[in-house]
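Take the sequences, apply the hints, and build the full model.
If you read the protein sequences in the order shown, they are chains Y and D. Mapping the first sequence onto our numbering, position 265 (from 1) lands on 265, and the numbers just tick up by one. Mapping the second sequence onto our numbering, position 138 (from 1) lands on 138, and the numbers just tick up by one.
Don't take every hint at face value.
Dumping the calculated EDC-like pairs for lysine to aspartate or glutamate here, alpha-carbon to alpha-carbon at most 16 angstroms [stated by the list, open to error]:
no., chain 1, residue 1, chain 2, residue 2
1, D, Lys256, Y, Asp205
2, D, Lys224, D, Asp240
3, D, Lys49, D, Asp22
4, D, Lys256, Y, Glu223
5, D, Lys49, D, Glu7
6, D, Lys256, Y, Asp206
7, D, Lys256, Y, Asp317
8, D, Lys224, D, Asp22
9, D, Lys224, D, Glu14
10, Y, Lys144, Y, Asp230
Going by beta-carbon spacing under 7 angstroms, a handful of chain Y positions derived as facing chain D [to be verified]:
no., residue
11, Thr190
12, Ala191
13, Asp193
14, Val194
15, Ala198
16, Ala202
17, Glu223
18, Val224
19, Pro266
20, Leu275
21, Arg281
No lab work stands behind these hints: they were computed from the structure. Note that CB positions come from ideal geometry on N, CA and C, so glycine has one too.
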Amino acid sequence: MNAEMQAAGGGALLELDGVTVRLPVEGSMRAVLQEVSFVIRPGEAIGLVGESGSGKSMTARAIDRLLPPGAAVNGRIRFGGRDVMTLAGADLKRFRSEVAMIFQDPRAHINPVRRIGDYMTEALRTNAGVPVNEASSRAVALLKSVGIEDGERRLRQYPHELSGGLLQRVMIATALLTKPRLLLADEPTTALDVTTQAEVLAILDDLRTDLHLAMLFITHNLEVAAAICDRTVVMYAGQIVEVRSSSRLHTDPLHPYTAALAAARPNIEATTPRLLAIPGRPLSAFEAPAGECAFAPRCPHALDVCRQARPALIALDGGLSRCVRAEELRGRLEVALHG
Amino acid sequence: MAESVLEVNALRKEFGPLTAVDDVSFSLPEGGSLAIVGESGSGKTTVAKMIVGLERPTAGTIRACGQDRSTPARSLRDRRRRGREVQIVFQDPYTSLDPRQTVEATIDEVLRLHHGWPAERRHQRVRELTELVGLDARQVRALPRSLSGGQRQRVAIARALAAEPRVLILDESVAALDVSIQAQVLNLLADIHDQTQVSYLCISHDLAVVRQLTQETVVMWRGKIVERGPTAQVLDDPRDDYTRRLRASVPHPGWKPPHRAQLAGA
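Shown next as structure tokens:
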């Protein structure tokens with residue numbers, strides 16, 4: 001148990017403790033997640049940010065027990081104090097209704113030949129035995145809460161009749177029908193236009209407050225995470241490299257990777273002759289060099305000490321950083337960010 | 001003002017009852033860079049498709065390097081000449097390369113078709129182009145499947161440049177890349193722009209990318225151009241309501257999404 005989790009005490013809704021996931025890749029088991037630990041308290045929104053291979057989606061899949069076949073999981077995941085790994089039967093069913101998931105591409109997750117109403121109310125009708133009329137009126141009420149006023153008409157429509165933004169709102173409303181306590185949102189706005197993204201983010205933000213809903217928001221975009229999450233977890237090569245209050249993420253990052261990621265994004269307010277690109281490409285957990293800092297090969301601040309051992313997460317200014325130089329580099333990372 | 005290498009005039013495209021592109025005109029000066037900004041359904045990609053000849057305009061004209069290309073090419077020669085005028089780099093580096101061709105063969109084929117050079121000169125040029133886009137000797141002999149998304153997009157850029165086009169259309173060319181790789185490719189595009197006389201037409205929904213890459217911007221909404229001007233001016237001081245809404249929706253450090261009360265009618 002790390003310091004942050006102790007601080008959270010028994011108030012945690014979701015607790016990940018040292019979660020390591022290995023998958024069979026070309027005949028051998030390879031780690032895709034390493035020692036991932038964090039907590040989400042009731043009503044709290046946590047951002048999970050990283051590039052390809054960082055393990056952010058795998059983390060959500062581990063929580064919802066949707067890992068690919070053959071996956072080996074170590075460590076503990078607890079939801080409402082109960083061990084998620086050992087849930088079965090009715091307990092697993094209840095867990096799934098309390099933890100809802102929404103995805104990047106609603107069209108890939110909604111059956112195109114069935115009406116919106118069928119899709120939305122299926123879980124209620126078949127699992128909870130709610131009568132059709134009642135399920136439909138609950139669906140209409142929830143559509144209203146995501147900004148869709150003419151719910152009755154929408155329930156009779158087919159997915160192809162709705163735009164991507166509307167369909168994503170339908171997916172969110174559907175996820176809320178079982179009254180979940182935690183929403184796992186995996187890049188829910190990435191496929192949307194930027195004006196639609198802003199609307200969907202506002203809806204998620206309002207719902208969270210209105211329903212006291214906890215949220216794990218997975219995104220590759222630091223700014224999006226910072227905009228609607230209380231804290232942001234930054235992942236690299238299957239590990240957490242930083243946990244930071246979202247309001248300080250851009251002004252006072254604790255890990256060189258976070259600062260480098262922010263600096264690599266072009267700035268809408270100014271042009272620079274060249275961006276501060278990070279050399280090389282993002283590595284997955286099993287590609288990263290063992291026995292040294294996974295980011296060291298790409299890090300502008302790496303020294304010999306960074307290549308001698310995998311750094312542990314250290315607590316700093318209310319956050320966590322997996323950088324042996326974190327304390328010494330504070331403030332200088334901010335300079336890189338604005339340079 | 002520099003001579004324009006691409007001129008689009010009163011361009012229109014109808015798909016049945018839908019008007020996808022409506023009275024679009026702009027010109028791209030030699031060595032310049034112009035962005036077409038817009039969201040899904042704005043018509044920006046249809047404009048790009050008409051310029052490269054993948055769609056035929058319903059009305060209006062397109063001229064590149066002084067030659068009309070509003071109607072399909074009438075001969076192989078004509079088609080190849082057009083290829084030396086305008087090239088395009090698509091969004092998805094996973095579907096835009098031939099999976100059975102090595103990087104070397106991919107670029108060599110373009111050199112052979114467009115320039116008809118002898119093998120030695122082509123070999124030399126493949127080396128120069130792959131060096132320009134930052135691919136190493138091993139990657140040059142590799143098949144696309146062993147390359148990452150960023151590396152494939154470099155191949156697509158090198159292939160497009162092999163035809164020595166006067167205009168390079170970048171159709172969401174960095175949108176699918178990881179942030180750290182996107183920065184590398186944007187820097188590469190800036191280097192190429194400095195080193196060659198190629199002009200960029202950048203089709204993008206990403207205003208920050210547009211700011212980094214282009215001097216001029218036109219904003220499209222529902223098939224029409226609603227605003228145009230120097231990129232910095234359009235982004236810092238947008239005049240049109242839609243451009244303002246678009247600009248206000250872009251997340252940046254310290255940004256918060258607009259709340260439900262502000263979304264009436266959404």
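Tested hints:
no.: 1; hint: D/Lys256 <-> Y/Asp205; verdict: 10 angstroms, holds
no.: 2; hint: D/Lys224 <-> D/Asp240; verdict: 12 angstroms, holds
no.: 3; hint: D/Lys49 <-> D/Asp22; verdict: 15 angstroms, holds
no.: 4; hint: D/Lys256 <-> Y/Glu223; verdict: 9 angstroms, holds
no.: 5; hint: D/Lys49 <-> D/Glu7; verdict: 15 angstroms, holds
no.: 6; hint: D/Lys256 <-> Y/Asp206; verdict: 12 angstroms, holds
no.: 7; hint: D/Lys256 <-> Y/Asp317; verdict: 24 angstroms, violated
no.: 8; hint: D/Lys224 <-> D/Asp22; verdict: 5 angstroms, holds
no.: 9; hint: D/Lys224 <-> D/Glu14; verdict: 13 angstroms, holds
no.: 10; hint: Y/Lys144 <-> Y/Asp230; verdict: 26 angstroms, violated
no.: 11; hint: Thr190; verdict: 10 angstroms, violated
no.: 12; hint: Ala191; verdict: 10 angstroms, violated
no.: 13; hint: Asp193; verdict: 4 angstroms, holds
no.: 14; hint: Val194; verdict: 5 angstroms, holds
no.: 15; hint: Ala198; verdict: 4 angstroms, holds
no.: 16; hint: Ala202; verdict: 4 angstroms, holds
no.: 17; hint: Glu223; verdict: 4 angstroms, holds
no.: 18; hint: Val224; verdict: 5 angstroms, holds
no.: 19; hint: Pro266; verdict: 4 angstroms, holds
no.: 20; hint: Leu275; verdict: 4 angstroms, holds
no.: 21; hint: Arg281; verdict: 6 angstroms, holds
Hints 7, 10, 11, 12, counting from the list given before, are not met by this structure.
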